[in-house]
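J.: First to last, the sequence lines map onto chains Y and H. Reminder that position 51 of the first sequence reads as 50 in numbering that gives the first Met the number 0, one-by-one numbering, no gaps. Reminder that position 36 of the second sequence reads as 35 in numbering that gives the first Met the number 0, one-by-one numbering, no gaps.
Incorrect hints may appear among the rest.
To be verified - With a Cα cut of at most 25 Å, we get these calculated SDA-like pairs of lysine to any residue:
#  : chain 1 : residue 1 : chain 2 : residue 2
1  : H       : Lys26     : Y       : Arg93
2  : H       : Lys86     : Y       : Pro99
3  : H       : Lys127    : Y       : Ile90
4  : H       : Lys20     : H       : Leu55
5  : H       : Lys26     : Y       : Asn53
6  : H       : Lys34     : Y       : Arg43
7  : H       : Lys86     : H       : Pro53
8  : Y       : Lys49     : H       : Phe84
9  : Y       : Lys98     : H       : Ile132
10 : Y       : Lys98     : Y       : Lys20
11 : Y       : Lys98     : H       : Pro44
12 : Y       : Lys20     : H       : Thr54
13 : Y       : Lys98     : H       : Lys127
14 : H       : Lys86     : Y       : Asn137
15 : H       : Lys47     : Y       : Lys98
16 : H       : Lys86     : H       : Thr54
17 : H       : Lys47     : Y       : Ser47
18 : Y       : Lys20     : H       : Val19
19 : H       : Lys127    : Y       : Glu48
20 : Y       : Lys20     : H       : Phe84
21 : Y       : Lys49     : H       : Arg111
22 : Y       : Lys49     : H       : Lys127
23 : H       : Lys128    : Y       : Lys117
24 : Y       : Lys23     : H       : Leu140
25 : H       : Lys47     : H       : Arg101
26 : Y       : Lys23     : H       : Arg111
27 : Y       : Lys117    : H       : Leu110
28 : Y       : Lys98     : H       : Leu55
29 : H       : Lys47     : Y       : Glu31
30 : Y       : Lys20     : H       : Pro23
31 : Y       : Lys49     : H       : Lys128
32 : H       : Lys26     : H       : Met77
33 : H       : Lys86     : H       : Leu141
34 : H       : Lys86     : Y       : Lys117
35 : Y       : Lys49     : H       : Phe104
36 : H       : Lys86     : Y       : Tyr109
Derived by calculation from the structure, the hints in this document are not laboratory data.
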Amino acid sequence: MTQNDSNPPFSLEEGLNMFLKGVKHSMVLGMEIVEITPEGLVVRLPYSEKIIGNPDTGVIHGGAITSLMDQSCGLAVAQALAPDFDITPTIDLRIDYMKPAQPHRDVFAYVTAYRKTKSVVFTRGVAYQDDRADPIANCVGNFMRMGISKTPWSPEARPEGSA
Amino acid sequence: MNLQEIVAKCKETNDFDTLVKGVPYAKTIGMSCIKAGDEVIFMLPANKDNIGNPTLPAIHGGVLGGFIEQSAIMIVLMSMEQPHFPKVVDLSIDYLSAGLFRDSFAECKVLRMGRRIANIGVTVWQAKKDEPIATARAHLLLT
């Protein structure tokens, strides 16, 4: 990557990681971005005692998956709006649970922002452990574009064909 | 004690907080259960670890989701004759305004308790009950 005149302060990857690290609750749960693709991104939620929902089985609480999906969809929105930046609160979030997560194993979220308009960004994604085609949960979430701020993210850092 | 005995004891002592505290995730976000007469209200105290937007600051939308989900599970457990953990099938949350850094409260309505599926409506507020910050709808599988 060449240094350009607008002097972008950080790449897309750095920007998304900064966004995530600023979210206290996601840090408490130990989330991290593991992959950024042209279409979306993958976020890891590590297994831990504190997110157990059923103490008898060790299965994690759906609430932790809700946090994972809300956070991941928010990141996908930021990715879709890059190199611009905006404040984008969640309008609504719907989660369908297909099966419980296997205990003692990490959960991953793969999410994409599949459409953006002037006011709204539409996202969808899955939570899975082994295979995206065999998900634990499916989600759709819509986000409001507040139009509050713009910061110059590195345009060339934005993957080709991203939404 | 098994779950049925715990729920029976909670009903007897009118103290469901013990049941909430037995769930590690509920303990992590810090939620509790308040009984006001026959009314059941769930509380999520202001907690730095639950913050999502650091600038406002505001509660993480996912935490509100988890709070709503656990509240719905609790209300179904309380309504069951043979209490056992119901499975959440789906959850749909509408975020009406930002959850600020203060205590939040949730109240559940059992809209339908079928033989296999329960439909639960949840309202979350902070300052005033008639100014909700989120509403949600959940289906829980009972069998």
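J.: Straight-line Cα separation of lysine 26 (chain H) and methionine 77 (chain H) no greater than 25 Å?
T.: OK: lysine 26 (chain H) and methionine 77 (chain H) at ~19 Å, within 25 Å.
J.: Is the Cα-Cα distance between lysine 20 (chain Y) and valine 19 (chain H) 25 Å or less?
T.: Since the Cα atoms of lysine 20 (chain Y) and valine 19 (chain H) sit roughly 29 Å apart, the hinted pair is violated (cutoff 25 Å).
J.: Given the hinted pair lysine 49 (chain Y) and phenylalanine 104 (chain H), is their Cα-Cα distance within 25 Å?
T.: 22 Å, holds
J.: Does the structure keep lysine 47 (chain H) and glutamate 31 (chain Y) at a Cα separation of 25 Å or less?
T.: Holds - the C-alpha atoms of glutamate 31 (chain Y) and lysine 47 (chain H) are around 20 Å apart, at most 25 Å.
J.: Are the Cα positions of lysine 98 (chain Y) and lysine 127 (chain H) separated by 25 Å at most?
T.: Since the Cα atoms of lysine 98 (chain Y) and lysine 127 (chain H) sit roughly 36 Å apart, the hinted pair is violated (cutoff 25 Å).
J.: Lysine 20 (chain Y) and threonine 54 (chain H) were given as a pair; does the straight-line alpha-carbon distance stay at or below 25 Å?
T.: 13 Å, holds
J.: Hey, lysine 86 (chain H) versus asparagine 137 (chain Y), does the alpha-carbon distance stay inside 25 Å?
T.: The hint holds at about 15 Å.
J.: Take the C-alpha atoms of lysine 49 (chain Y) and arginine 111 (chain H), compute the straight-line distance between them, and say whether it is at most 25 Å.
T.: This hinted pair is violated, its Cα atoms lying about 32 Å apart.
J.: Would the hint linking lysine 26 (chain H) and arginine 93 (chain Y) be met if the CA-CA limit is 25 Å?
T.: 24 Å, holds
J.: If you draw a straight line from the CA of lysine 98 (chain Y) to the CA of isoleucine 132 (chain H), is it 25 Å or shorter?
T.: 29 Å, violated
J.: Tell me if the straight-line CA distance from lysine 23 (chain Y) to leucine 140 (chain H) falls inside 25 Å.
T.: 32 Å, violated
J.: Hey, lysine 47 (chain H) versus lysine 98 (chain Y), does the alpha-carbon distance stay inside 25 Å?
T.: With a Cα-Cα distance of about 31 Å, the restraint between lysine 47 (chain H) and lysine 98 (chain Y) is violated, given a limit of 25 Å.
The structure is inconsistent with the numbered hints 4, 6, 7, 9, 10, 11, 13, 15, 16, 18, 19, 20, 21, 22, 23, 24, 26, 27, 28, 31 and 34, although it conforms to all the rest.
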